[in-house]
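There are 2 protein chains.
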Amino acid sequence: MSTDSSGNLNTTDKKFPSDHTKQIIFSIRRLIQASELYTKELNKKYQVSAAQLNCILILYEYGPLPPSKIANHMMVKSSTVTGVVDRLEKKGLVERMRNSPDRRVITIQLTEAGKNLAQNAPPPIQQKIIDGLKQTENAKKEQIVRSLNMLTGMLDVRDLEVK
Amino acid sequence: MSTDSSGNLNTTDKKFPSDHTKQIIFSIRRLIQASELYTKELNKKYQVSAAQLNCILILYEYGPLPPSKIANHMMVKSSTVTGVVDRLEKKGLVERMRNSPDRRVITIQLTEAGKNLAQNAPPPIQQKIIDGLKQTENAKKEQIVRSLNMLTGMLDVRDLEVK
DNA sequence: AATAAATTATTTGAGCTAAAAAATTTTTAA
DNA sequence: TTAAAAATTTTTTAGCTCAAATAATTTATT
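Chains A and B supply the protein sequences, listed in that same order.
Sequential numbering from 0 applies to the first sequence in numbering that gives the first Met the number 0.
Sequential numbering from 0 applies to the second sequence in numbering that gives the first Met the number 0.
I should point out that these hints are in silico values taken from the structure, not numbers from a laboratory.
Where hints are given, some of them may not hold.
When chains are identical, the list treats them as one kind, so a pair holds in a single copy or across two.
Claimed, not checked - With a Cα cut of at most 30 Å, we get these calculated DSSO-like pairs of lysine-lysine:
hint, residue 1, residue 2
1, Lys68, Lys21
2, Lys133, Lys21
3, Lys43, Lys140
4, Lys89, Lys140
5, Lys21, Lys114
6, Lys90, Lys133
7, Lys44, Lys139
8, Lys21, Lys44
Put together the whole structure using the sequences plus the hints.
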């Protein structure tokens with residue numbers, strides 16, 4: 000019986016991951032790391048992290064929002080937003096307001112500097128995907144969507160509560 | 000002229016991301032968040048994070064290794080490994096050794112407790128992918144590989160130096 | 001009206017991540 | 001042999017993320 004480099008006896012042996020499986024896991028790790036490296040790069044060049052930029056762009060697109068709504072758009076938990084907003088406030092890019100009749104609610108809004116940054120924003124990481132997909136035929140895009148849906152399905156991700 | 004909910008004039012207008020593009024970006028975020036949620040879950044149930052478990056399994060598979068090699072296998076930078084190893088050492092699952100003739104090199108090895116954990120390890124996140132892919136036909140797997148390769152290509156990921 | 005339940009934002013704690021700087025050691029060159 | 005360069009690990013720093021607990025407020029119930 001012969002074995003391959005991963006120790007598989009053969010391609011039908013399901014005890015160990017196949018090469019395809021390894022490639023897929025590797026690619027997912029690459030996607031994650033790409034976003035980590037990108038945020039470091041952004042921060043160095045523009046003194047704004049990916050999360051911060053994302054937050055600014057959301058506020059620019061949707062107008063002033065409370066942290067909970069920002070969290071929904073950013074797809075993170077709202078305790079994460081608190082920290083992001085803290086750092087943006089420290090840089091004078093956003094400010095916290097209390098103007099809702101419900102006094103629990105705080106509204107975050109862009110300052111002039113924040114708007115300015117939004118208008119001259121460096122590309123968020125998504126831009127690379129957006130640009131890349133522009134030259135991609137629809138059929139292929141659908142294929143990518145299907146592939147990713149299979150993967151997210153496998154990871155049994157509970158739905159992100161985006162209201 | 001009509002606009003859709005994302006403000007697109009029509010499907011050939013390339014100024015804004017299409018729905019497919021949004022779905023793809025959303026899915027990638029889901030993959031990342033799934034791995035974050037999984038590590039929290041692991042930590043709660045087994046007092047070991049995903050990164051820590053990964054490190055343990057690598058040491059079990061390849062034997063004692065210096066941090067730099069662990070980093071290669073884990074696909075992270077070695078500064079990250081330092082912290083992971085610190086926490087594992089604190090739990091008595093690994094130990095740092097200085098046994099190389101090259102005295103800069105530190106070797107990390109599993110303790111008995113560490114080996115024990117490796118043998119009775121809870122599933123790493125990859126297991127969900129591995130299991131999910133088992134019931135997937137080869138053609139589809141290849142499709143997933145192709146899709147992910149397109150995406151990692153777009154993100155212009157510099158090759159992770161896996162030696 | 002008083003109490004209980006729900007909601008919103010924040011704090012705290014643990015962990016991951018990478019860059020940059022510092023420390024250590026080996027190798028190379030003068 | 002000694003000084004400079006290169007390699008490697010560790011430390012430091014800054015940021016993101018989430019869960020859980022807390023505080024403040026509002027809504028619902030009794």
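Results for each hint:
Taking the shortest alpha-carbon separations for Lys68 and Lys21, only the inter-copy value of 18 Å comes in at or below 30 Å, while the best intra-copy value is 37 Å. For the homomeric pair Lys133 and Lys21, the shortest alpha-carbon distances inside one copy (29 Å) and between copies (12 Å) are both at most 30 Å. In the homo-oligomer, the alpha carbons of Lys43 and Lys140 never lie at most 30 Å apart, since the shortest distance is 32 Å inside one protomer and 38 Å across protomers. In this homomeric assembly, Lys89 and Lys140 never come within 30 Å of each other (Cα to Cα): the closest approach is 40 Å inside a single copy and 47 Å across copies.
Taking CA atoms no more than 30 Å apart as the test, Lys21 paired with Lys114 passes between copies only; the shortest distance there is 23 Å, against 44 Å inside one copy. Taking identical chains as interchangeable, the C-alpha atoms of Lys90 and Lys133 are never at most 30 Å apart, the minima being 34 Å within one chain and 49 Å between chains. Taking CA atoms no more than 30 Å apart as the test, Lys44 paired with Lys139 passes in neither setting, with 34 Å inside one copy and 40 Å between copies. In this assembly of identical chains, the alpha carbons of Lys21 and Lys44 lie at most 30 Å apart only when taken from different copies (26 Å versus 34 Å within one copy).
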